[in-house]
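K.L.:
For this one, chain C is given, so just place chain Y with the ligands on it according to the hints.
So the sequences go chain by chain: C and Y.
The numbering of the first sequence is our numbering, which starts it at 1 and goes up by one.
The numbering of the second sequence is our numbering, which starts it at 1 and goes up by one.
Calculated directly from the structure, the hints in this document are not laboratory data.
Please read all numbers here as calculations on a predicted model, not as lab measurements.
One or more of the hints may lead you astray.
Said to hold, decoys possible - Straight-line C-alpha distance at most 20 Å; calculated DMTMM-like pairs for lysine to aspartate or glutamate: (1) C:K3 / Y:E121; (2) Y:K318 / Y:E291; (3) C:K343 / Y:E11; (4) C:K66 / Y:D96; (5) Y:K118 / C:E306; (6) Y:K97 / C:E67; (7) C:K3 / C:E294; (8) Y:K211 / Y:E195; (9) C:K343 / Y:E14; (10) Y:K113 / C:E305; (11) C:K390 / Y:E25; (12) C:K97 / C:D129; (13) Y:K260 / Y:D234; (14) Y:K128 / Y:E207; (15) C:K390 / Y:E14; (16) Y:K49 / C:E294; (17) Y:K49 / C:D38; (18) C:K401 / C:D375; (19) Y:K88 / Y:E294; (20) Y:K113 / C:D416; (21) C:K66 / Y:E25; (22) C:K93 / C:D129; (23) Y:K199 / Y:D363; (24) Y:K118 / C:E305; (25) Y:K113 / C:E306; (26) Y:K12 / C:D342; (27) C:K390 / Y:D18; (28) C:K158 / C:E113; (29) Y:K300 / Y:E14; (30) C:K35 / Y:D34; (31) C:K3 / Y:E68; (32) C:K190 / C:D129; (33) Y:K160 / Y:E195.
Said to hold, decoys possible - To give an idea of the interface, some chain C residues facing chain Y are shown, with a C-beta separation under 10 Å as derived from the structure: (34) G68; (35) Y288; (36) G289; (37) D295; (38) F302; (39) E306; (40) Y417.
Here a beta-carbon is modelled for each residue, glycine too, at the ideal position from N, C-alpha and C.
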Amino acid sequence: MKKVDLSIDFLGVHCENPFFLSSSPVCHNYEMISKAFDAGWGGVFYKTVGVFIADECSPRFDTHRKEGTPFIGFKNMEQISEYSWQENAEIIKKLKKDYPTKVMGVSIMGSNEEEWALLAREMTKAGADILELNFSCPQMTSHAMGSDVGQNTELVEKYTRIVCENTHVPVIAKMTPNITHIEVPSIAAKKGGAAAVSAINTIKSICGIDVENMCGRPVVNGVSSISGYSGAAVKPIALRFIAQLKQHPELQGFPVSGIGGVETWQDAVEFLLLGAENIQVTTAVMQYGYRIVEDLKEGLAFFMEEHGYTSLRDFIGKAVPNIIPCENLDRSFQIVPKIDYDKCVGCGRCYTSCFDGSHQAIDWDADKHRPTITDRCVGCHLCLNVCPVKDCITPGEIKFKKGKEAHEVKIQHDFDYLP
Amino acid sequence: MTQVRKLAYGEKSEPAYDVRLAMQEAARCLLCIDAPCSQDCPVGTNPSKFIRSIRFRNFKGAAKTIRENNILGASCGKICPQERLCEKGCSRCGIDKPIQIGRLQSFAMEQEKIFGMKVLEKAPSCGKKVACIGAGPSSLGAAAELAKRGVAVTIFDENKEPGGLLRYGITPSRLDDATIDQDIAAIKELGVTFEQNHKVSREEVAELAKKFDAVYVGVGLSTSKVLKFVKGWDKQGVDTALNFLKNARVKNGQIGDLGKVVIIGGGDVAMDCASTAKQLGAKSVNVVFIETMEEMPASKKELDYITELGVPVLPFFKPLEIKGESKVEAISFASMDDESQVTFKADTVIFAVGQAPTEGFADLKQDGNIFLGGDMVVSRGRTVVESVQSGKEAAFAIADFLKI
Ligand SMILES: Cc1cc2nc3c(=O)[nH]c(=O)nc-3n(C[C@H](O)[C@H](O)[C@H](O)COP(=O)(O)O)c2cc1C
Ligand code: SF4
Ligand code: SF4
Ligand code: SF4
Chain C
1 MKKVDLSIDF
11 LGVHCENPFF
21 LSSSPVCHNY
31 EMISKAFDAG
41 WGGVFYKTVG
51 VFIADECSPR
61 FDTHRKEGTP
71 FIGFKNMEQI
81 SEYSWQENAE
91 IIKKLKKDYP
101 TKVMGVSIMG
111 SNEEEWALLA
121 REMTKAGADI
131 LELNFSCPQM
141 TSHAMGSDVG
151 QNTELVEKYT
161 RIVCENTHVP
171 VIAKMTPNIT
181 HIEVPSIAAK
191 KGGAAAVSAI
201 NTIKSICGID
211 VENMCGRPVV
221 NGVSSISGYS
231 GAAVKPIALR
241 FIAQLKQHPE
251 LQGFPVSGIG
261 GVETWQDAVE
271 FLLLGAENIQ
281 VTTAVMQYGY
291 RIVEDLKEGL
301 AFFMEEHGYT
311 SLRDFIGKAV
321 PNIIPCENLD
331 RSFQIVPKID
341 YDKCVGCGRC
351 YTSCFDGSHQ
361 AIDWDADKHR
371 PTITDRCVGC
381 HLCLNVCPVK
391 DCITPGEIKF
401 KKGKEAHEVK
411 IQHDFDYLP
Chain Y
1 MTQVRKLAYG
11 EKSEPAYDVR
21 LAMQEAARCL
31 LCIDAPCSQD
41 CPVGTNPSKF
51 IRSIRFRNFK
61 GAAKTIRENN
71 ILGASCGKIC
81 PQERLCEKGC
91 SRCGIDKPIQ
101 IGRLQSFAME
111 QEKIFGMKVL
121 EKAPSCGKKV
131 ACIGAGPSSL
141 GAAAELAKRG
151 VAVTIFDENK
161 EPGGLLRYGI
171 TPSRLDDATI
181 DQDIAAIKEL
191 GVTFEQNHKV
201 SREEVAELAK
211 KFDAVYVGVG
221 LSTSKVLKFV
231 KGWDKQGVDT
241 ALNFLKNARV
251 KNGQIGDLGK
261 VVIIGGGDVA
271 MDCASTAKQL
281 GAKSVNVVFI
291 ETMEEMPASK
301 KELDYITELG
311 VPVLPFFKPL
321 EIKGESKVEA
331 ISFASMDDES
341 QVTFKADTVI
351 FAVGQAPTEG
361 FADLKQDGNI
371 FLGGDMVVSR
381 GRTVVESVQS
391 GKEAAFAIAD
401 FLKI
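In isolation and in its complexed conformation, chain C is listed as follows (with noise of 0.2 Å):
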């Protein structure tokens, strides 16, 4: 493979790739923040640091899962760091002295102007290329503090701008998903002076419930708390916000690092195809370890070296214009799905789902185990999302519906890419 330069100037710093740790515990300390630069990332926002310091709950962590062993979605009661500012810029300044070339963001929290007017300038004075201001943690034990402060555009504003007067650095606002329309409080961080903005934090949640005890879970003494949700099942919800901030209009050009469930480079692909500039990650640190970038490097290195894109510019933000409202879709045609029979194995998922879940558009011959698509499909392609066979159920012919014109229509890739 030829060397695929992966860097990016992102708010004018050179990022030697695009890879970044979310702030979290993934990076808050010197000792794994080395071990995370030695392994290969790109820079990270470091673990918010605040002038309240956290004390925290045990357990404080609860996973959602589906069959097999990975879990898939991570909640977690964790707030800012555990150490005091004066402790953390000490880390920072030793890390940026030791690590030149690599990005330190840091994350910072304040629950007044005070606080954040001097977060600002002692992070500044440590050392950080990158401020990024935490309005979105949905845990914080203070409303003055975390996503009860990112819901509300005025003070959104005001503490972006605080921090803006008292530092030279970009400054990113990071964004809650636990709001409708993320936009709003993005508006405000812009007008406040940001350079970007980060999305998302964590989603509030319930992960399961502990039926004995009667309790949400993690079970701390019995009783639990709504708190952020993260991991590869957040990974569509961040999408769609990360699309939002990049068709608002007042947010035109406004750049946006996206953070949530990245655990592949093709998650990261998607992100940046719906234009985010910088890729951020925690639970799938947490789940496999630092050494994920090696696979997330090399696997969007081959994927650019395969379509001649020689920059990251070359293709983020190409996914932006085809996001497009509901409204707006071509409703003329339906793509009837194709069986293939040799693969076929004659489970009869297909058949089962689209009688209970669809349009009964699927008749079942009960000697053969074979399924035949009739002419009550709609091609909803509810059958191809189930069939557990690759390459099984496909997209088929596409037909017009009545007095629309034929005309060409993309079709979709399977979800793998291969054979």
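P.N.:
Frame of chain C; chain Y with the ligands shown alone:
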């Protein structure tokens, strides 16, 4: 067994994973640190790394890791006895069963093919040239390693196609030509040249030693042993394992009626003979060997495979006599404790009782710029992957010798 598997000669013995199945298997991997699988690969293929790459959808990266570490990565995925190498200590055994590393390896190498990846590139010349004798696993391993250092390598080999034992010793259901060719292509990418149909005699070794800066001899153990204490060993219808397998492969299975077949030996080669005979339509196939089931040298995978094909095995019996006029008609055995005897009617008897060095090469010693490796010198279990490693090590020695 009520269900015996029918498999045509050359038909794939194990279906390949598609991407979904590969992901499902990779998701079972525990992504261990200090992974036992990686420690147990003789040639350092680093399964834990390539499985992790698959898990994180970096399929090309997985192929790259394999190809860089194991020049015969495609072939090894299919034929290594994983259950006693990388899969043996797999941490997942503590939960249920090991990760199917071989199949994941084959899946990754399939990506190399699909994408026409060229992982290895020709290195700048270092001005030295080396001859490698034999185009089997160890020679290929040595050649690739030297070529990576910029050595101009020429391989001399007696067969029509390169691969040695890979191509002519292993049954094509387990290892098809396309897979071998894929590995050979990677070696050619490194700039190695092949001189096929060139049998190097013992005398010619010295000549080559003059023409080249060094010579690597990796001719392997290409002659099958025959137990000459068995009366009637020279009757018509008696064959040796390697001869039988090669003949079948060269003639693409068209080797005439085998009748009833008895195979003597309990190793992987005997198992390959058994499956081949079965696939070629032998009336019956029996495998008899002197070891107990516990001591039998064949890998479990191989034994399971012939069992699936409906081949019975008889452990703990030694051959006594091959009967018949000029042609084989029967063969008698006695149990190792001499308690019982058994006679099989037979038309074909195949000795699969180990291999001996290639004629004329038995007493060849490492000398001056002549280096040896592969099955001629290792007796570590004689797997392809160990031969590759032996070739690699010889290449390191040659590199030291040439000061490159
Ligand atoms: C245990 C844990 C602690 C976190 N702490 C912080 C924090 O201190 N500051 C912050 O801005 N985000 C925090 N986050 C949110 C993450 O930075 C990130 O936005 C979120 O987890 C989504 O990304 P992911 O799916 O890659 O984990 C935390 C997340 C987790 C799981
Ligand atoms: S992960 Fe580490 S810190 Fe957390 S409970 Fe286990 S041992 Fe303790
Ligand atoms: S779901 Fe797929 S495999 Fe199952 S019956 Fe339908 S087409 Fe065949
Ligand atoms: S030992 Fe098994 S579980 Fe562990 S990394 Fe290797 S294949 Fe995966």
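K.L.:
Would you check the hint for K118 (chain Y) and E306 (chain C), treating anything up to 20 Å between C-alpha atoms as holding?
P.N.:
13 Å, holds
K.L.:
K343 (chain C) and E11 (chain Y) were given as a pair; does the straight-line alpha-carbon distance stay at or below 20 Å?
P.N.:
18 Å, holds
K.L.:
Decide if the proposed pair is consistent with the structure: K343 (chain C) and E14 (chain Y), CA atoms, cutoff 20 Å inclusive.
P.N.:
Holds, at about 16 Å.
K.L.:
Can E306 (chain C) be said to touch chain Y, with a Cβ gap under 10 Å?
P.N.:
8 Å, holds
K.L.:
Tell me if Y288 (chain C) is really an interface residue toward chain Y, meaning its C-beta lies closer than 10 Å to one of theirs.
P.N.:
Since chain Y brings a Cβ to about 6 Å from Y288 (chain C), closer than 10 Å, the hint holds.
K.L.:
Are the Cα positions of K93 (chain C) and D129 (chain C) separated by 20 Å at most?
P.N.:
11 Å, holds
K.L.:
A closest beta-carbon separation below 10 Å is what the hint needs, so does G68 (chain C) meet it against chain Y?
P.N.:
The hint holds - G68 (chain C) has a Cβ within 10 Å of chain Y, the shortest such distance being about 6 Å.
K.L.:
For K401 (chain C) and D375 (chain C), compute the direct alpha-carbon distance and say whether it is at most 20 Å.
P.N.:
13 Å, holds
K.L.:
Holds or violated: are the alpha carbons of K128 (chain Y) and E207 (chain Y) at most 20 Å from each other?
P.N.:
17 Å, holds
K.L.:
Would you check the hint for K3 (chain C) and E68 (chain Y), treating anything up to 20 Å between C-alpha atoms as holding?
P.N.:
16 Å, holds
K.L.:
Regarding the pair K49 (chain Y) and D38 (chain C), is the alpha-carbon distance no greater than 20 Å?
P.N.:
Holds - the C-alpha atoms of D38 (chain C) and K49 (chain Y) are around 17 Å apart, at most 20 Å.
K.L.:
For a C-alpha distance cap of 20 Å, please report whether K390 (chain C) and D18 (chain Y) respect it.
P.N.:
OK: K390 (chain C) and D18 (chain Y) at ~7 Å, within 20 Å.
Violated hints for the displayed structure: none, as all numbered hints are satisfied.
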